[in-house]
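Novice: Can you make the complete structure from the sequences, with help from the hints?
For the protein sequence lines, the chains are A and B, in the order given.
Residue numbers for the first sequence follow the numbering used here, beginning at 5 and rising by one.
Residue numbers for the second sequence follow the numbering used here, beginning at 130 and rising by one.
By construction, these hints were calculated from the structure, which means they are not laboratory data.
Note that the structure is a prediction, hence the values are computed from the model and not measured.
Errors might be hidden in some of the hints.
[As the list claims (entries may be wrong)] Here's a subset of chain B near chain A, in silico, CB distances under 7 angstroms, partners left out:
#, residue
1, Asp178
2, Gly398
3, Phe432
In this text, a Cβ means the ideal position worked out from N, Cα and C, and glycines have one as well.
Residues per chain, in single letters:
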Amino acid sequence: MTQIRPSRSNASIRQATNHIVTAISILSTIVVLVPLIAILFYLIYKGASSLNLAFFTHTPKPVGESGGGMANSIVGSSLVLLVASLMGIPIGIAGGVYLSEYGSGTWMGAIIRFTADVLNGVPSIVMGIAGYALIVVHQHHFSALAGGVTLSIMMIPTVTRTTEEMLRTVPNSLREAAYGLGVPRWRTVLSISLRSAAPGIITGCMLAFARVAGETAPLLFTAFGSNFWPHSLNEPIAALPLQIFVYALSPYDEWHRLAWAGSLVLITLIMLSVGLVRYVTSRGQLKGGM
Amino acid sequence: MSEPSRVEVPLLNMQVAEQSRRAPAPMVAKAPAGIRRFLHTQTSGAVADRAFGGLMLTCALSILAIVVLIVVMLLDQSKLSLHAFGLKFFFRTAWDPVSGDFGALPFIYGTLVTSFLALCIAVPLALCVAIFIMEISPAFLRTPIAFLTELLAAIPSVVYGLWAIFVLVPMMRDHLGPFLAKYFGWTGLFGGSNFGEGFLTAGIILSIMILPVISSITREVMGAVPISQKEAALALGATRWEMIRMSVLRNSRIGIVGAVILGLGRALGETMAVTMVIGNNPQISHSLFAPGHTLASVIANEFTEATGDLYLSALIEIGLALFLVTIVVNSIARLLVWAVTRGKPVAAH
Numbered sequence: 005m006t007q008i009r010p011s012r013s014n015a016s017i018r019q020a021t022n023h024i025v026t027a028i029s030i031l032s033t034i035v036v037l038v039p040l041i042a043i044l045f046y047l048i049y050k051g052a053s054s055l056n057l058a059f060f061t062h063t064p065k066p067v068g069e070s071g072g073g074m075a076n077s078i079v080g081s082s083l084v085l086l087v088a089s090l091m092g093i094p095i096g097i098a099g100g101v102y103l104s105e106y107g108s109g110t111w112m113g114a115i116i117r118f119t120a121d122v123l124n125g126v127p128s129i130v131m132g133i134a135g136y137a138l139i140v141v142h143q144h145h146f147s148a149l150a151g152g153v154t155l156s157i158m159m160i161p162t163v164t165r166t167t168e169e170m171l172r173t174v175p176n177s178l179r180e181a182a183y184g185l186g187v188p189r190w191r192t193v194l195s196i197s198l199r200s201a202a203p204g205i206i207t208g209c210m211l212a213f214a215r216v217a218g219e220t221a222p223l224l225f226t227a228f229g230s231n232f233w234p235h236s237l238n239e240p241i242a243a244l245p246l247q248i249f250v251y252a253l254s255p256y257d258e259w260h261r262l263a264w265a266g267s268l269v270l271i272t273l274i275m276l277s278v279g280l281v282r283y284v285t286s287r288g289q290l291k292g293g294m
Numbered sequence: 130m131s132e133p134s135r136v137e138v139p140l141l142n143m144q145v146a147e148q149s150r151r152a153p154a155p156m157v158a159k160a161p162a163g164i165r166r167f168l169h170t171q172t173s174g175a176v177a178d179r180a181f182g183g184l185m186l187t188c189a190l191s192i193l194a195i196v197v198l199i200v201v202m203l204l205d206q207s208k209l210s211l212h213a214f215g216l217k218f219f220f221r222t223a224w225d226p227v228s229g230d231f232g233a234l235p236f237i238y239g240t241l242v243t244s245f246l247a248l249c250i251a252v253p254l255a256l257c258v259a260i261f262i263m264e265i266s267p268a269f270l271r272t273p274i275a276f277l278t279e280l281l282a283a284i285p286s287v288v289y290g291l292w293a294i295f296v297l298v299p300m301m302r303d304h305l306g307p308f309l310a311k312y313f314g315w316t317g318l319f320g321g322s323n324f325g326e327g328f329l330t331a332g333i334i335l336s337i338m339i340l341p342v343i344s345s346i347t348r349e350v351m352g353a354v355p356i357s358q359k360e361a362a363l364a365l366g367a368t369r370w371e372m373i374r375m376s377v378l379r380n381s382r383i384g385i386v387g388a389v390i391l392g393l394g395r396a397l398g399e400t401m402a403v404t405m406v407i408g409n410n411p412q413i414s415h416s417l418f419a420p421g422h423t424l425a426s427v428i429a430n431e432f433t434e435a436t437g438d439l440y441l442s443a444l445i446e447i448g449l450a451l452f453l454v455t456i457v458v459n460s461i462a463r464l465l466v467w468a469v470t471r472g473k474p475v476a477a478h
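Specialist: Laid out in structure tokens, this is it:
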């Protein structure tokens, strides 16, 4: 145990140190909050001044022509994210169910849990290459499908781990009550465990969704981007983060303006989706919504 | 968990179950008769149980399969470069797509320098913020500040890059850069011409991005310190700082190291924001103003325009290296954080 001993004999020096450290930590907090507020300020200031109706209804115009929007990117992003969610969320939840209800305490469960954590930490650019090597190489062309699958791979570990954590909070007495009534195990998992943990699991899914919604790197070599309306999932498709990246690096002011507007829309969409689901689940309306 | 809630929760849920049986849940009610009979049947319980368990296991195993598949695919796609250069690939400085001569050392250097800079800036700040939120801040400020720092983590990388291009780079070029060159030029780190894009700018934007990660995990670890420890220090006459140093920091130091390594893992693999401000130049230079490249940024920049199989396979080998390095770094970090929070007391009185 630590031996408590006055570090300095003089009480006033100790008090002064205390005050200095307090001041430093307050100052650092302010220093940290400044860039955050600056980023949010610039986003709203630059983004809002460039937003107009055309942004939501038009496809990009060629260089030199003013106007044009990112409507196709918004649609493209939604499609890619839809594919990602349809694949990633069910597999992720099922993986979480296995870890919590079937594999807890087994070596198989431990290995899968560790692998999920590893997969969670893999840089997004590596996921992009993986998506390229797994799908694009065999398909011989970029496609929305490849982008969606790559993002779904990024969603699975997050969804799995949050589902597991949430299922662990369900008291065992609930499961035992169901077993005691003669309910089979699979039905207990679906109707008792998952239903009780539903709000937390939905929040977890939304966080995974929000995380991949802003990802650019995995889409660079899979969805690739496009200037036109999407026609099928089997061709290159535009996505909001990709378009922001391309426009930000371009030398044209008009495109910079669109990049700011796109960023504002992207962040607003992410925050709205997360906020909405959190609000609804906190009011208990989605309880039992499995 | 207290006794009353144990009693209440089942009751509540049985009510819910009761309601859903009386006013049947749409899925079950509208399902075809065959499926409905299957759902309510009792004899097929064992079969259904085994099938359901198997399905769950398959989905869980798919995570394992994905990781194995990624490694196999990356190895397969990078075998050209693996054969051509072997392990020396990571110690060569050449990067010449025209003559097909590749080495990854400049990118490893760039990744290490930017990540190190980011840690130097972010770690002290993150620690101070965590201490402020957990120990110093008045209660009404605690939630908003914690929320704001978490908000930093929700901003997409490409938006950080956009902000850096239009705000940070000009600031670097016109104000911060000349200042550093004037007063710290003697260190040799701030020589050469300063265009605003380079290692230092990338390091700064990285530090802003990893700060919330480090700070939130540090907070979690500090929260695991038993209150009795803090009260003991205060009762013995320690000032607040002495209490923080002796009780909080000493008890959570391993977890804090874990948080820092987790931040490092994030910094090593961060791509978009870095790509947008690092200047993209495959060279090793000692000046922090110089443009460079990181492992991640070279892939993002050159992958789609890579002509020739060897070029592509060299880039994929860089990706493979990044994959393996981040796995090692993250595993160490998880172990350290787990070592601290595992023994979290159920109720610290």
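Novice: Would you mind marking each hint as holding or not holding in the structure?
Specialist: Okay, the hints, checked on the actual structure:
A distance limit of 7 angstroms between C-beta atoms decides the matter here; for Asp178 of chain B the minimum to chain A is near 5 angstroms, and the interface restraint holds. Of the supplied interface hints, the one on Gly398 of chain B holds, with its beta-carbon coming within about 2 angstroms of a beta-carbon of chain A, less than 7 angstroms. Using the Cβ-Cβ criterion of 7 angstroms, the hint placing Phe432 of chain B at the interface with chain A is satisfied: the shortest such distance is roughly 6 angstroms.
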